[in-house]
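Enquirer: Residues per chain are reported as follows:
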Amino acid sequence: MDIAELKAELEQHHAACFGWALSCCARDRGEAEEVLQTAYLKILEGKARFRGEASLKTWLFAVIRKTAANEYRRNLLRKLRSAVSSEQVSERAGGEVDAAFDRSEEQVRFRLALQRLPARQREALHLVFYEDLSLREAADVMGVSIGSTRQHYERGKKRLREVLKRTEVDYGISWRGKENPGAV
Amino acid sequence: MELVGEEKKIQALFSELRLADQQAAPSFVGTWNRAQLRPRARVSPLGFSFAAAAFAVFVAVVALALWSNSRQQAAQPNHTVAVTPATPATPLVTPPATIVPTSKVISTAEQRQAARNLRAARFAARQRAELLAARRAEIRDATAISSWQSPTATLLSSQNDALLNSLPQLNESVKELKSFLPNK
Chain A
1 MDIAELKAEL EQHHAACFGW ALSCCARDRG EAEEVLQTAY LKILEGKARF RGEASLKTWL
61 FAVIRKTAAN EYRRNLLRKL RSAVSSEQVS ERAGGEVDAA FDRSEEQVRF RLALQRLPAR
121 QREALHLVFY EDLSLREAAD VMGVSIGSTR QHYERGKKRL REVLKRTEVD YGISWRGKEN
181 PGAV
Chain B
185 MELVGEEKKI QALFSELRLA DQQAAPSFVG TWNRAQLRPR ARVSPLGFSF AAAAFAVFVA
245 VVALALWSNS RQQAAQPNHT VAVTPATPAT PLVTPPATIV PTSKVISTAE QRQAARNLRA
305 ARFAARQRAE LLAARRAEIR DATAISSWQS PTATLLSSQN DALLNSLPQL NESVKELKSF
365 LPNK
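Same order as they appear, the protein sequences are chains A and B. Numbering follows our numbering, in which position 22 of the first sequence is assigned residue number 22; successive positions increment by one, without gaps. Just remember that our numbering sits 184 ahead of the position in the second sequence, which is counted from 1.
Where hints are given, some of them may not hold.
What the hints assert, rightly or not - List of simulated lysine to aspartate or glutamate pairs, EDC-like, C-alpha gap at most 16 Å:
hint: 1; chain 1: B; residue 1: Lys-193; chain 2: A; residue 2: Glu-162
hint: 2; chain 1: B; residue 1: Lys-193; chain 2: A; residue 2: Glu-45
hint: 3; chain 1: B; residue 1: Lys-193; chain 2: A; residue 2: Asp-132
hint: 4; chain 1: B; residue 1: Lys-192; chain 2: A; residue 2: Glu-53
hint: 5; chain 1: B; residue 1: Lys-192; chain 2: A; residue 2: Asp-132
Keep in mind the hints are simulated off the structure, nothing from the lab. In this text, all values refer to a predicted model and were calculated from it rather than measured experimentally.
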């Protein structure tokens, strides 16, 4: 696949990639853009090569996830060096939350509930519900086994439900708590 | 993936989130162009510090090698070793002059080779000198032995030394032989 073809494919998945980058960067828009640019740069330079072992979308998500992890580590070191206080960071994040998601209180609560989930569980839920991937594809993106992904998925659902109940989010439909037998 | 119950509700929330993200997503062209404009080779702080440490170690090793080399040269000053034989019987052996140009610094490999050659020449000269000294000692001893005289040698000398030291010839006549006999 040459770069022009790849570029066309990337353009198709761009919105989904941005959503995934947002999820990987704890909904930090600036950081997500940075991660996406770095991921595209990796692809441009050939540091990340698509070998056809998985679908392009899965491979792309895996590249973004790895890039986000690297950026997170780098930013953490930078923050430690510049001694930015955690209060400032949380204030900034909170401000962005308010700006981006003032559409509905429900969405804000949902987002906050998502942020309370462990990263793996949040990733599993995002890949399945947001990106419409199967558990196998989600496992490929996360770089873990399908069994492990299933566990993260189930625990994530349970925890999300608990957090949402605690924050008294009204979904309009009552929680029935049924399991999903076809989720593979 | 078939979704039931709570999954549908979660998916509805994720769908709303996705819609919001898509509206807020930057354009693909912009992101792609910014990725292309970014500096290609980004050196991580860890990689930079590792390179700096490796360079420092390299400089230290080179400095140590040069210092030890110059110290060796200072300890053994340049001179010409010439050994002249004491007697004509011994062959004239003159080791080659060992002159090392200290001011000329070419390269580390050549310096090592020159130092190795110098050591070999010095070793050969030392061996030749030892051999010559041994031969001189042998000649001196032989001379001393050949000219040695017993302290009691004078007691053995007498007036008839000539008679004692001479022998009668086999073809002499009896008359002549009588001359050796004492007169009665």
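Enquirer: Now, for every hint given, state plainly whether the structure supports it.
Expert: Consistency of the hints with the structure:
{"no.": "1", "hint": "Lys-193/B x Glu-162/A", "verdict": "14 Å, holds"}
{"no.": "2", "hint": "Lys-193/B x Glu-45/A", "verdict": "41 Å, violated"}
{"no.": "3", "hint": "Lys-193/B x Asp-132/A", "verdict": "14 Å, holds"}
{"no.": "4", "hint": "Lys-192/B x Glu-53/A", "verdict": "31 Å, violated"}
{"no.": "5", "hint": "Lys-192/B x Asp-132/A", "verdict": "12 Å, holds"}
In terms of the numbered hints stated before, the structure departs from hints 2 and 4, listed from lowest to highest.
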